[in-house]
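Here is how the chains run, residue by residue.
Number of protein chains: 2
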Amino acid sequence: MKETGKLQTAKRMRDIQPFHVMALLARARELEAQGRSIIHMEIGEPDFVTPDPILEAGKQAFNDGHTHYTPALGLPQLREAIAYYYEQHYQLTIASQRIVITPGASGALLLVLGVLINPGEQVLMADPGYPCNRNFVRFMDGDAVGIPVDASTDYQLSKELIEQHWTDKTRAVILASPSNPTGTLVDKKSLQEINEFIQQKNACLIVDEIYHGLIYEDKPESALALSNNKSNNKPNNIFVINSFSKYFNMTGWRLGWLVAPPAIIDDLDKLAQNIFLAAPTPAQYAALAAFKEETITILDQRCQEFKQRRDFLLPALRDIGFNISSTPQGAFYLYAECSQFTNDSYQFAIKLLEEKGVAITPGIDFGKNKANTHVRFAYTTSMVNLREGVERLKSFVS
Amino acid sequence: MKETGKLQTAKRMRDIQPFHVMALLARARELEAQGRSIIHMEIGEPDFVTPDPILEAGKQAFNDGHTHYTPALGLPQLREAIAYYYEQHYQLTIASQRIVITPGASGALLLVLGVLINPGEQVLMADPGYPCNRNFVRFMDGDAVGIPVDASTDYQLSKELIEQHWTDKTRAVILASPSNPTGTLVDKKSLQEINEFIQQKNACLIVDEIYHGLIYEDKPESALALSNNKSNNKPNNIFVINSFSKYFNMTGWRLGWLVAPPAIIDDLDKLAQNIFLAAPTPAQYAALAAFKEETITILDQRCQEFKQRRDFLLPALRDIGFNISSTPQGAFYLYAECSQFTNDSYQFAIKLLEEKGVAITPGIDFGKNKANTHVRFAYTTSMVNLREGVERLKSFVS
Numbered sequence: 306m307k308e309t310g311k312l313q314t315a316k317r318m319r320d321i322q323p324f325h326v327m328a329l330l331a332r333a334r335e336l337e338a339q340g341r342s343i344i345h346m347e348i349g350e351p352d353f354v355t356p357d358p359i360l361e362a363g364k365q366a367f368n369d370g371h372t373h374y375t376p377a378l379g380l381p382q383l384r385e386a387i388a389y390y391y392e393q394h395y396q397l398t399i400a401s402q403r404i405v406i407t408p409g410a411s412g413a414l415l416l417v418l419g420v421l422i423n424p425g426e427q428v429l430m431a432d433p434g435y436p437c438n439r440n441f442v443r444f445m446d447g448d449a450v451g452i453p454v455d456a457s458t459d460y461q462l463s464k465e466l467i468e469q470h471w472t473d474k475t476r477a478v479i480l481a482s483p484s485n486p487t488g489t490l491v492d493k494k495s496l497q498e499i500n501e502f503i504q505q506k507n508a509c510l511i512v513d514e515i516y517h518g519l520i521y522e523d524k525p526e527s528a529l530a531l532s533n534n535k536s537n538n539k540p541n542n543i544f545v546i547n548s549f550s551k552y553f554n555m556t557g558w559r560l561g562w563l564v565a566p567p568a569i570i571d572d573l574d575k576l577a578q579n580i581f582l583a584a585p586t587p588a589q590y591a592a593l594a595a596f597k598e599e600t601i602t603i604l605d606q607r608c609q610e611f612k613q614r615r616d617f618l619l620p621a622l623r624d625i626g627f628n629i630s631s632t633p634q635g636a637f638y639l640y641a642e643c644s645q646f647t648n649d650s651y652q653f654a655i656k657l658l659e660e661k662g663v664a665i666t667p668g669i670d671f672g673k674n675k676a677n678t679h680v681r682f683a684y685t686t687s688m689v690n691l692r693e694g695v696e697r698l699k700s701f702v703s
Numbered sequence: 306m307k308e309t310g311k312l313q314t315a316k317r318m319r320d321i322q323p324f325h326v327m328a329l330l331a332r333a334r335e336l337e338a339q340g341r342s343i344i345h346m347e348i349g350e351p352d353f354v355t356p357d358p359i360l361e362a363g364k365q366a367f368n369d370g371h372t373h374y375t376p377a378l379g380l381p382q383l384r385e386a387i388a389y390y391y392e393q394h395y396q397l398t399i400a401s402q403r404i405v406i407t408p409g410a411s412g413a414l415l416l417v418l419g420v421l422i423n424p425g426e427q428v429l430m431a432d433p434g435y436p437c438n439r440n441f442v443r444f445m446d447g448d449a450v451g452i453p454v455d456a457s458t459d460y461q462l463s464k465e466l467i468e469q470h471w472t473d474k475t476r477a478v479i480l481a482s483p484s485n486p487t488g489t490l491v492d493k494k495s496l497q498e499i500n501e502f503i504q505q506k507n508a509c510l511i512v513d514e515i516y517h518g519l520i521y522e523d524k525p526e527s528a529l530a531l532s533n534n535k536s537n538n539k540p541n542n543i544f545v546i547n548s549f550s551k552y553f554n555m556t557g558w559r560l561g562w563l564v565a566p567p568a569i570i571d572d573l574d575k576l577a578q579n580i581f582l583a584a585p586t587p588a589q590y591a592a593l594a595a596f597k598e599e600t601i602t603i604l605d606q607r608c609q610e611f612k613q614r615r616d617f618l619l620p621a622l623r624d625i626g627f628n629i630s631s632t633p634q635g636a637f638y639l640y641a642e643c644s645q646f647t648n649d650s651y652q653f654a655i656k657l658l659e660e661k662g663v664a665i666t667p668g669i670d671f672g673k674n675k676a677n678t679h680v681r682f683a684y685t686t687s688m689v690n691l692r693e694g695v696e697r698l699k700s701f702v703s
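Residue numbers (this note's numbering), protein chains in the order written: chain A, 306 to 703; chain B, 306 to 703.
In case anyone wonders, no lab produced these hints; they're calculated from the structure.
Hints are supplied without guarantee of correctness; some may be wrong.
Put simply, identical chains are the same to the list, so a pair is met inside one copy or across any two.
27 Å max Cα-Cα, derived DSSO-like pairs, lysine-lysine [said to hold, decoys possible]:
(1) 656 - 535
(2) 506 - 316
(3) 675 - 575
(4) 493 - 539
(5) 364 - 493
(6) 673 - 364
(7) 656 - 575
(8) 539 - 597
(9) 597 - 661
(10) 699 - 474
(11) 316 - 539
(12) 474 - 316
(13) 673 - 575
(14) 506 - 493
(15) 612 - 539
(16) 612 - 364
(17) 464 - 597
(18) 316 - 699
(19) 612 - 673
(20) 575 - 535
(21) 597 - 364
(22) 506 - 612
(23) 699 - 656
(24) 656 - 364
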């Protein structure tokens, strides 16, 4: 046990790392307070304010006095609205009873891992990957196994990689499509192979689809298409996590959802009752307006804006000398190899911030795999800022 | 491992029970849908809508575009407002840096136990007590030790009881003052003795003060008065949990706070970053108005209304034959011994609901200690409803 002053903390705290980008963000804010101009390409949330129709629905919820707890699984009408969204946008029939409203995708991950993972059991995931995933597993005293991935598999796990790392302690695999930090998708055929392998092992597939609304070319397909095992027509052990944060521009509201196999809903309900009580009520009422046509129109315009930013930033960074082998199909990130400039991504990011006022995220926040020679650029700022950022980057590396 | 359909859940799920009151509440809603009149005395949240000044501040936050993440520890101005509240209402100087804004008191408990408890370590708590407490400990794979308490200690733990149950695996003690389900307080002298004992053991005292604003006679004193060890002037290992839910009538917003020793704040920060990202932003901005004089005036009127309800319901229940030995000083609950009527509190509650349309909570939701001969009445409904409820109860037991 670690000593913190007089106080001993649990062993898990030794393994859970803070995000290094937070120190960079704090320093960026300091510099801004001193009057420096900072280009923020480190922030993992849309720069857009929540669309008006959602804000108006939030205000109406206040006027209607909706300030009490909702059921632990969420407002029935929101669960139904999400089911209808799958019907409309994915041509998938998902019973609303399978949909659990959660406090952000974070809440969904905590529920799933809390219900599934015993201390010492393993969860496989890609490295690089979203840092919270491994920390959630560690929080439940499980063992997060990061599998190194590279451009050869679009920075995604493959059936072969999963098979190589499988042990008798493996309980689940987490995929993210699009991925943070790479913005790449899991290929449809690969997803099928992975799922088949996992279901044969009677383990669980957890798919993070929180950036699903932000896919720029392909029409996205949800892993929920594989909900049922075709050989015996029984539900597969698939959990899909989604969120109102990214595509719906509702980060601060803390609202997400989880689609789970029917047999596990009662367990998720009792765990949610105990650890959350329920997701925030104002957010749930506001989110009912997220699926309105006028909202989707706004969101799709913003999605186009993100695409435009990607289409500018990707070639610009390549021109400067960053190596980005896969063209990211979604999310708002570019994961760039920078070994031609540094072998210490954190120092590179610090120096770039101090000297040029450009904030980016060092690779070490996303795992151990070549983390010191990668950085993440988020295009969550305007084209004007991105152009200025690129100019500063050019002068930094030249 | 338990089989759920094809899917095996983690062992902890066997030990985490759903709230029995939820089944009662669902049945009550069903009966209401059939046109039956139901008196709700089972619900653990104020019947009042959030006060207008807080709702207005929420709307203003939307107008101002505050829809992004806040820092993981919370909005600095809200942390300062809470520090000032301790200054004003408790004459306590608490550095705002020690205050962590959380998604409800639930979030605070999850953070504290996540930071402190290793698998297999014990946390002591009163039985009867708030059911989530033991389930949070179990969630972290710790061992929740319920210590039977009765009227002789006002249903609170004492130093003697804690000493009797202490083992070398004990890491923390949870107190709740006022307690749910009993509404009783921890006596000041007893709190000092308990704290001294725990600090000598280098363990942690966790005090749930979420019903603190709802204390009807005594001026409440916070356990934070014991923040510092007077012998060496070092911080004691005390964690105080509070919430905007109960006194501030903000249940659905999911907003609470935690006051922690300075040395542990960085750990809480990194854990909050990972498992929540942050508490809901609209709620945090709205809560800035919770401390305004006009809000406090509304809340204090509502507090008087709760007192009036208690002063009606307590003697009325005693008249009927329920045994309530301690006069509850706070919260909005009466915990009543009902052995003269039943030795199966759940069946008693079901029958009362079906036959008379009165919903109450069976003792089995609060632990194992004489749980079958106790029920909880919540006075979270109007005087008119309470009077009607009492008439129905009279006819039920006669």
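Right, here's what the structure says about each hint:
Taking the shortest Cα distances, residue 656 and residue 535 never come within 27 Å of each other, neither inside one copy (54 Å) nor across copies (46 Å). Within a single copy, residue 506 and residue 316 get their C-alpha atoms only as close as 30 Å, which misses the 27 Å cut-off; across copies the closest is 19 Å, which meets it. Taking the shortest alpha-carbon separations for residue 675 and residue 575, only the inter-copy value of 23 Å comes in at or below 27 Å, while the best intra-copy value is 41 Å. Taking the closest pair of Cα atoms, residue 493 and residue 539 come within 27 Å of each other only inside a single copy of the chain (21 Å); across copies the shortest separation is 59 Å, beyond that limit.
Taking identical chains as interchangeable, the C-alpha atoms of residue 364 and residue 493 are never at most 27 Å apart, the minima being 41 Å within one chain and 43 Å between chains. Neither within a single protomer nor between protomers do residue 673 and residue 364 lie at most 27 Å apart by alpha-carbon distance, with minima of 45 Å and 44 Å respectively. In this assembly of identical chains, residue 656 and residue 575 lie within 27 Å of each other by CA distance solely across copies; the values are 24 Å between and 48 Å within a copy. Taking the closest pair of Cα atoms, residue 539 and residue 597 never come within 27 Å of each other, the shortest separation being 33 Å inside a single copy and 56 Å across copies.
Proximity of residue 597 to residue 661 under the C-alpha cut-off of 27 Å is found in neither arrangement, the shortest distances being 42 Å within a copy and 43 Å between copies. In this assembly of identical chains, residue 699 and residue 474 lie within 27 Å of each other by CA distance neither inside one copy nor across copies; the values are 48 Å within and 58 Å between. Taking CA atoms no more than 27 Å apart as the test, residue 316 paired with residue 539 passes between copies only; the shortest distance there is 24 Å, against 40 Å inside one copy. With identical chains, the CA atoms of residue 474 and residue 316 are at most 27 Å apart both within one copy (21 Å) and between copies (15 Å).
Taking the shortest Cα distances, residue 673 and residue 575 sit within 27 Å of each other only across copies (19 Å), while inside one copy they are farther apart (36 Å). Taking the shortest Cα distances, residue 506 and residue 493 sit within 27 Å of each other inside one copy (20 Å), while across copies they are farther apart (57 Å). In the homo-oligomer, the alpha carbons of residue 612 and residue 539 never lie at most 27 Å apart, since the shortest distance is 39 Å inside one protomer and 55 Å across protomers. In this assembly of identical chains, residue 612 and residue 364 lie within 27 Å of each other by CA distance neither inside one copy nor across copies; the values are 31 Å within and 32 Å between.
Taking the shortest alpha-carbon separations for residue 464 and residue 597, neither the intra-copy value of 38 Å nor the inter-copy value of 58 Å comes in at or below 27 Å. Taking the shortest Cα distances, residue 316 and residue 699 never come within 27 Å of each other, neither inside one copy (44 Å) nor across copies (55 Å). In this assembly of identical chains, residue 612 and residue 673 lie within 27 Å of each other by CA distance neither inside one copy nor across copies; the values are 29 Å within and 58 Å between. Taking the shortest alpha-carbon separations for residue 575 and residue 535, neither the intra-copy value of 30 Å nor the inter-copy value of 43 Å comes in at or below 27 Å.
Taking the shortest alpha-carbon separations for residue 597 and residue 364, both the intra-copy value of 16 Å and the inter-copy value of 21 Å come in at or below 27 Å. With identical chains, the CA atoms of residue 506 and residue 612 are never at most 27 Å apart, being 39 Å at best within one copy and 58 Å at best between copies. Taking CA atoms no more than 27 Å apart as the test, residue 699 paired with residue 656 passes inside one copy only; the shortest distance there is 14 Å, against 76 Å between copies. Proximity of residue 656 and residue 364 under a CA criterion of 27 Å is satisfied in neither setting, with 44 Å inside one chain copy and 41 Å between copies.
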